[in-house]
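Asker: Each chain, written out:
Protein chains: 2
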Amino acid sequence: MAAFFPASFEQLIDSFASLPGIGRKSAQRLAFHMLSLPGEEAESFANAVLEARRTVHTCPVCQNLTDAELCPVCASDNRDRSVICVVSEPRDVLSIERSREYRGLYHVLHGALSPMNHVGPDDLRIRELLERVAQGGVEEVIMATNPDTEGDATAMYISRLLQPFGVKVTRLGFGVPVGSNLEYADDATMLKALQGRREM
Amino acid sequence: MAAFFPASFEQLIDSFASLPGIGRKSAQRLAFHMLSLPGEEAESFANAVLEARRTVHTCPVCQNLTDAELCPVCASDNRDRSVICVVSEPRDVLSIERSREYRGLYHVLHGALSPMNHVGPDDLRIRELLERVAQGGVEEVIMATNPDTEGDATAMYISRLLQPFGVKVTRLGFGVPVGSNLEYADDATMLKALQGRREM
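As given, the protein sequences belong to chains V and D, one line each in that order.
Quick note: the first sequence, position 33, residue 33 per this note's numbering, numbers continuous.
Quick note: the second sequence, position 166, residue 166 per this note's numbering, numbers continuous.
Hints are computed from structural coordinates only; laboratory data are not their basis.
Model, not experiment: these values are computed from the prediction.
Don't take each hint at face value.
Each pair may be met inside one copy or between any two copies, as identical chains are not told apart.
To be verified - Here are the simulated EDC-like cross-link-like pairs (lysine to aspartate or glutamate), alpha carbons at most 16 Å apart as the crow flies:
#1 Lys25 - Asp92
#2 Lys168 - Glu41
#3 Lys25 - Glu89
#4 Lys168 - Glu128
#5 Lys192 - Glu140
#6 Lys25 - Glu10
#7 Lys192 - Asp148
#8 Lys25 - Asp14
#9 Lys168 - Glu140
#10 Lys192 - Asp152
Let the sequences and hints guide you as you build the complete structure.
Answerer: In structure tokens, the structure reads:
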């Protein structure tokens with residue numbers, strides 16, 4: 001029964017099913033969809049994969065994704081080079097840029113410490129961060145990893161490694177999200193909001 | 001902000017987001033996953049798409065997907081050529097084959113009549129079915145479209161078109177699924193089960 005569909009079609013289903021969050025049924029549906037597309041569209045899909053693989057790499061300084069020698073932030077003349085904001089994933093850079101508040105540099109770890117998933121310090125771009133700080137000129141490192149167990153542990157771990165360098169290490173402020181309703185804030189968020197209260 | 005990720009990476013996100021059932025967030029996650037794969041795996045994914053497009057086409061007889069001249073069922077010497085089972089999608093052939101009961105041929109319509117979605121008779125492979133029946137040798141056509149409004153309408157429409165040919169047209173039996181619990185059968189299924197009752 002396995003060889004019921006043409007082999008190359010089964011292969012395509014397998015390929016989709018190997019992607020995260022895509023089960024066998026979805027993979028089958030996506031494979032059928034791919035065959036129903038006009039030829040050029042299916043080709044341009046395949047080419048998008050190859051092209052992204054070919055051109056995108058990590059910035060040698062901040063480890064964010066880029067297709068240039070340096071990423072736009074590291075290459076810019078308008079950024080404050082004395083501050084580094086440390087995030088887990090490239091998409092987090094996008095979130096912080098959206099606030100239009102931050103003018104410093106970034107450092108992308110590409111993950112968070114997670115003993116459960118066998119992610120240790122050597123799997124993250126921590127060494128590269130220490131090298132940047134060791135080169136001098138950095139005054140503050142903002143730990144902007146996620147406010148969950150793994151993100152907190154990663155922030156804690158890195159802040160200890162940074163102690164010998166004498167730079168200021170801060171953690172992103174956590175609390176009740178803007179525009180939300182206090183009624184729906186969970187206990188942990190409310191605790192952070194109270195701890196992070198400020199004088200008016 | 002749109003140009004924040006490298007262009008080829010944005011292109012890859014767009015490609016994934018164009019697939020059915022995949023939103024912007026999932027597309028971003030899939031694109032990141034694609035970049036995290038070893039080079040050969042990303043390439044083999046792209047090649048799976050191209051290869052399936054290149055080799056897979058519809059069987060000229062039954063319209064099922066195949067990479068050979070005829071599909072395995074139409075090419076087989078062990079099938080009863082006097083019965084044609086009409087299904088909506090290639091995956092339905094798989095479901096029926098799994099029962100190991102059916103030994104006839106198939107006809108894949110590639111859809112069901114759906115005025116809401118602008119799918120009319122000309123969008124389905126109905127003409128090809130009529131041509132097969134017109135060639136003679138067919139004694140029974142089993143309508144195995146889905147037991148929903150569109151499937152029922154399609155079955156009804158085709159059965160009328162087949163009347164002049166004098167072949168027996170049957171509809172798949174519907175009722176309470178084997179191994180299920182009567183308690184959980186919905187009203188429509190129970191109605192079909194009662195209507196389809198047999199003497200013991």
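Asker: Could you tell me which of the numbered hints above are not met by this structure, giving the numbers in increasing order?
Answerer: 2, 4 and 5
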